[in-house]
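Heads up, the sequence shown is in full-length UniProt numbering, so the first residue is 1 and it goes up one at a time.
Please note that a few of the clues may not be correct.
Said to hold, decoys possible - Keeping only pairs whose Cα atoms sit at most 35 Å apart, straight-line, the calculated DSBU-like set for lysine-lysine is:
no., residue 1, residue 2
1, K92, K22
2, K92, K31
3, K92, K26
4, K25, K92
Hint data in this document are derived by calculation from the structure and do not stem from the laboratory.
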Amino acid sequence: MPSSNINIDVMQTQQQDDRLWKVAKKRAAFKIALTVYVLVNALEVAVWYFTTGPYGYFWPIWSMLGWGLGIAMQYVQAYHGNTLFSTEEEYKRLVEQEDKQL
Numbered sequence: 001m002p003s004s005n006i007n008i009d010v011m012q013t014q015q016q017d018d019r020l021w022k023v024a025k026k027r028a029a030f031k032i033a034l035t036v037y038v039l040v041n042a043l044e045v046a047v048w049y050f051t052t053g054p055y056g057y058f059w060p061i062w063s064m065l066g067w068g069l070g071i072a073m074q075y076v077q078a079y080h081g082n083t084l085f086s087t088e089e090e091y092k093r094l095v096e097q098e099d100k101q102l
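Work the whole structure out from these sequences, hints included.
Written out as structure tokens, the structure is:
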């Protein structure tokens, strides 16, 4: 019987490693996206500043807001997605609600 326990432990460790690998990939992708966001928007602000001056219409705000919303969503998924969008967490909430009703 001890060998089956070892196999279960190995499988659980492998599943944990796979989950952590996915989380690490999401976080690395977020950091890359954030870096690109900052650099591109800095370039847009520089173009705006040197073409219209500081008193012209600040058009880079539109790409900052739109793209920033996407970046914010990617942040939530990378750093808080495990609990916000987790099937296990939702199941636990449903079980708790069911227990309260009984």
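Among all the numbered hints in the text so far, which are the ones the structure does not match? Violated: none.
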